[in-house]
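Trainee: Order-wise, the sequence lines are chains A and B. Note that the first sequence covers residues 1 to 407 in this note's numbering. Note that the second sequence covers residues 1001 to 1521 in this note's numbering.
Quick caveat, the hints were computed from the structure, so don't treat them as lab data. Glycine residues also receive a C-beta, built at the ideal position from the N, C-alpha and C atoms. Fair warning: there could be bad hints in the mix.
Okay, the calculated beta carbon distance ranges per label pair [said to hold, decoys possible]: (1) Arg1276(B) with Gly273(A): 22 to 32 Å; (2) Ser101(A) with Glu1109(B): 23 to 33 Å; (3) Glu1109(B) with Arg393(A): 50 to 60 Å.
Derived list of chain B stretches under chain A, where covered just means 3 residues or more per stretch with a C-beta under 8 Å from a C-beta of chain A [unchecked claim]: (4) 1230 to 1240; (5) 1437 to 1443.
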Amino acid sequence: MPLQPARPVSSNRDRLLFRPRVGPSGDVLVVIFLRGGMDGLYTVPPFGDPNFAALRNSMGSVEPARGGLRKVVPSYDAVASGLIDLDGYFGLHPLFAPLESLFRQKQLAIVQAAGLSVPILSHFEATDAIEQGLVGPGAHDGWIARHLNVDVQSNVSPLRAIAMDLTLPMALRGTTAHAVDSLADFRLETPGGWDPQFFHSLRALYQGGSDLVSTSGRATLATYTTVQRLAKSPSKPENGAEYPVDQFGSRLTQVAQIIKAEIGLEAAVIGLGDWDSHVGQVDMLAGPMQSLAEGMQNLVRDLGDRMRRVTVLVMSEFGRRAAPNEGGGTDHGRGTAMFVVGGGIRGGKVYGQWPGLGADQLDDQGNLRVTTDYRAVLAEIVEKRLNNGAIDRVFPGFVPRYLNLTA
Amino acid sequence: MTKLSRRQFGRWAAAATGAISLGGCAPWEYADPQHGLDRLAAHDGAPTPLESRVLNRLGYGPRPGDLARLRSISVEAWIDRQLHPESIAESPELLAALGRLETLNLSPEEARDREVEWEPDSSVTPIWRKVVKFGKGRRTIPGSVMEQLAQATILRAAYSERALQEVMVEFWSDHFSINQIRGECRWLKPADDRQMRQFALGRFRDLLGASAHSAAMMAYLDNAENRKMNGATGGRPNENYARELLELHTLEDTSAYTLEDIQEVARALTGWMIGRSADDSWGEFTFRAADHDDDEKQILGMRFAAGGGQQDGEKLLDLLAAHRLTARAIAGKLCYRFLGVVPEPLRERLAIVFLESEGDIRAVLGELLQSDEFRTSPEPAFRRPFQFAISAMRALGARTSGAAIVAYLEKMGQRPFGHAQPDGYPTRPESWTAGLTSRWSFAIDLARNQIDETWINLEALERATSGMGAMKVSRLLADSVLPVSLTDEELKSLGRVVQQPVEPLPQCLALLLMSPQFQWC
């Protein structure tokens, strides 16, 4: 028996109460963070760069084949390998084929050679910096939290932000976001006959405290009334969408359900791991790449027209070294690719200035240089798609030069 | 399958795993005379802040009766005993329960062969793809090597008399974190765990050495693929382990070294590998001279002469283990674990003890536990999910096989040895407080005896509290379960639950475990 009588969440009253700022901007932001450092040279190969083949041919590639995957060596002969030619210079890895139509339909924009403007090659420091929205360590809150905190009046939903994860990522620290493994976490099953006294007493215990647990407990209790019905009977994927049958697919499914329920969600963060490809990269990245591409394709399909006010941002903490190591993997590097999908995105283009892969073009450690500060992409989304002009509060001290990838 | 009662299920499971049962009962099915829930009715009173800190931070929280035991020998004697776990007789019931987990002491090769069927025709797939007894995406398979190690970790934390030792095993398991689900680590981690346990209160150099030679660590952070530069392809040594060795296991301060240092460390560790072929023992450390880069190296300003062979790595570990920054890093982490804050003067003192004692962890802990900062520390420390779950079971005197607890921990985000990144599970409360539902559900299930092979003696508690007023019962339980006192208002609210017709005691126990107060210690 549920904690409290279920209240229909899709009633008009709820919609009015919780509806975020809507319109062409005021999008719901979905951030997919590729944890471990995603190799932008492998996923979005610059086959037109004259130095590319020599650097990467030895690594090989894989492509989908009947009954699984087929190894392709050498890889970056565009004709032989199934590599998808995007614009005559950049390609998409064959496993990213599901993203091709999004690109051709101009819903997907890619930014190459993006990243932190200073070299930080530690996972933990680079992830913290990027999720804090800085160039190095410094803040205790995340960029999405600061964005949400700019306006705490307009949207009183208890569910402004969620992380589909068991712990709260840095990007959401500093605001009352919920970390949930699944929608079931918005329900507390209590035995028959316990309510309502049990619930009253639980609230009483959480009423007064100012510690982190008390604050968060009150926020958790508030979501139960809002999200209970959704948690109990979630909607089915639409438009023939079939998410990958894995944790990532399940998390995307549930984010889509929350977006469709229109209960005031403004930001969702989903982590996708296993990009730290120090050895056997061709094998190691096959799983996460398929998951990511199929997941994104089906999220867009499922959300249909709703994509007009959804922006999906895919990013990682850094890229990989241009030259592979002795184990067929790549070590930590710098510039990498970012992906942005949405109805309000000017897609079909690979953005950014290409720094080149020549020995004199790479940095002195053999890494692809960063020519686009990742915050330029984030800031443009915050201002143009999330309707928040207070860029100086979200990214203190940063003066962005927009790539104009938003409509 | 016919639905079995809990008791029947217990017998069935015990029979299925070949467990020896005690008088027809599995271990989670009989009352513990010393630490049963009815012991709460004796009312030992509320602990002082120092008593609470000692019981909660040198272990996984008090069981019913533990406060009286502490008082019978004094705080000083308790701390001293815990610093010398070898002097404490281990609980025979724990040893018996561990004895039923037959994979704990298997060699890596035995562990693998127990769970792998070979596919001799497939010549190129990595070995771990040959696992056929594990369905894809399934994490929790009863009886597997992985599951049994998690179960053992839960049992030890819950029942070991050597409580501080278990706390330190958790500390080092985070410090030298390995994600056991990753590839061959499934079968390699138990051996690594045995080493962490052996040196938990020993010397840091031994821990570091054990980790550097650990096949699980080499598989996890890819040193098993770290070979000298190949002239033909120009491929460089693998930097993964080298980087984390400096950043996570020793120096911590990333401004103290450069990428060149990392690359030189990687060169020093080329050839440190895992035995794979018929002539090596599978899953054991092996040094492959042919893959080792034997030229000269420069690491952190120190010259490593050419021709060092395997000694390059040993010399490197000596250098790192005795480094001032390593001492500071370990001192800071220990402060946070035991105090919930890092007072700079204490950190400095601990770092000095670390250096002067050549990394003697027992000596560092002794200094920490004697310090004014620990004795008077007013800061609450946050209970991460593992600590929460174990403390909850201990507080209620629960009997458990640990088997069903693994899935609850996974849901709460802290399955033993399951952190995805090599930095160990987060320590700061901000990471954990954004999701409380899974904790609350665990508390409710535990208080109602709804967890498989896990049992609290509600009947005894009912008998012991019958005839008592609701306020008295709630005060009694709150004093025993919570590390701090509740306000009168909060007690009144609990008292109203105790007057409910349906499951009043489970409701009250669940609320105590769910309360904000129980999430800190």
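Trainee: Indicate, hint by hint, whether the structure satisfies it.
Mentor: Going through the hints against the structure:
1. Arg1276(B) with Gly273(A): 22 to 32 Å: holds (26 Å)
2. Ser101(A) with Glu1109(B): 23 to 33 Å: Distance hint for Ser101(A), Glu1109(B) is violated at roughly 48 Å.
3. Glu1109(B) with Arg393(A): 50 to 60 Å: holds (58 Å)
4. 1230 to 1240: holds (count 9)
5. 1437 to 1443: Our answer is that it holds, as 4 residues pass the Cβ test (under 8 Å) against chain A, meeting three.
Of the numbered hints given earlier, the model fails hint 2 alone.
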